[in-house]
Amino acid sequence: MISGIYYSNTGLNTIQLRIDVNANNIANVNTVAFKQERTSVSTFKEKLVAVNRLNLLHTSQGAACRDIRTDFSSGMLLNTGRQLDFALTQEGVFFTLQTGEGLKYTRNGSFRVNNQGELVDINGYPVLGYSGTITVNDGTPEQGFYLVAFDDLEQLSRQGGYFIPRPGAAERPVENVEVKQGYLETANVDLVNSLSELLVNSRQYALNSRVIATYDAILRKAANEVGSLK
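Just so we're aligned: 188 in numbering that gives the first Met the number 0 is position 189 of the sequence shown, and the numbers increase by one with no gaps anywhere.
Please note: incorrect hints may appear among the correct ones.
Said to hold, decoys possible - What follows is a list of derived Cβ distance ranges for each label pair: (1) 166 <-> 132: 18 to 28 Å; (2) 176 <-> 80: 35 to 45 Å; (3) 114 <-> 157: 26 to 36 Å; (4) 80 <-> 154: 28 to 38 Å; (5) 199 <-> 134: 47 to 57 Å; (6) 138 <-> 192: 11 to 21 Å.
No wet-lab data here; the hints were simulated from the structure.
Since the structure is predicted, the reported quantities are computational estimates derived from the model, not experimental observations.
We put the CB at the ideal spot given by N, CA and C, even for glycine.
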């Protein structure tokens, strides 16, 4: 009985995480160059083995989220006609930004010019070229973008709409990448599939909630009956 509640509760936690990930994907369907996330599920026992390298013979199963991974596939290119919009045509390549916390990376090429004549992103972070910050003359950057790629994209973590490399991640500059001026990359969110998954997960959550409520009612009844025995 108790194990049934445990299994259902771990299922609730896992489903809630999947709902949150789906909802975040859907909410960012119109965010420039947004990369959707996906979850994978394993048993709780498998999760412990993976994290702690343990050989667990009698651990309860339950459900646990194995990981949340970013889908780095490219979105479609949207023609905006705006001079300071730029889209990267090659998958896995990023613009480089100088921030107060060090370098950050983005696929969002919606830029503007600040009061110093520098090309900056929507949050005012300077976009870097091969010779430092990029100045703009008559709507045209005066040097090429400093574009980078990573040998293992899984070594990138999200931070406030940007990507930052984890310690040890191998970064390398890339050249000969076509950058389309007047275009932006759209989000790579599969809206139909995300909505479908959200519906399925919501139903599973409701079902698990009812299972827990049923177990709880049975336990309460059993406790009351035992307490009434004399």
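Evaluated hints:
no.	hint	in the structure
1	166 <-> 132: 18 to 28 Å	holds, 26 Å
2	176 <-> 80: 35 to 45 Å	violated, 22 Å
3	114 <-> 157: 26 to 36 Å	holds, 30 Å
4	80 <-> 154: 28 to 38 Å	holds, 36 Å
5	199 <-> 134: 47 to 57 Å	holds, 51 Å
6	138 <-> 192: 11 to 21 Å	violated, 38 Å
Checked against the numbered hints given earlier, this structure breaks hints 2 and 6; the rest are met.
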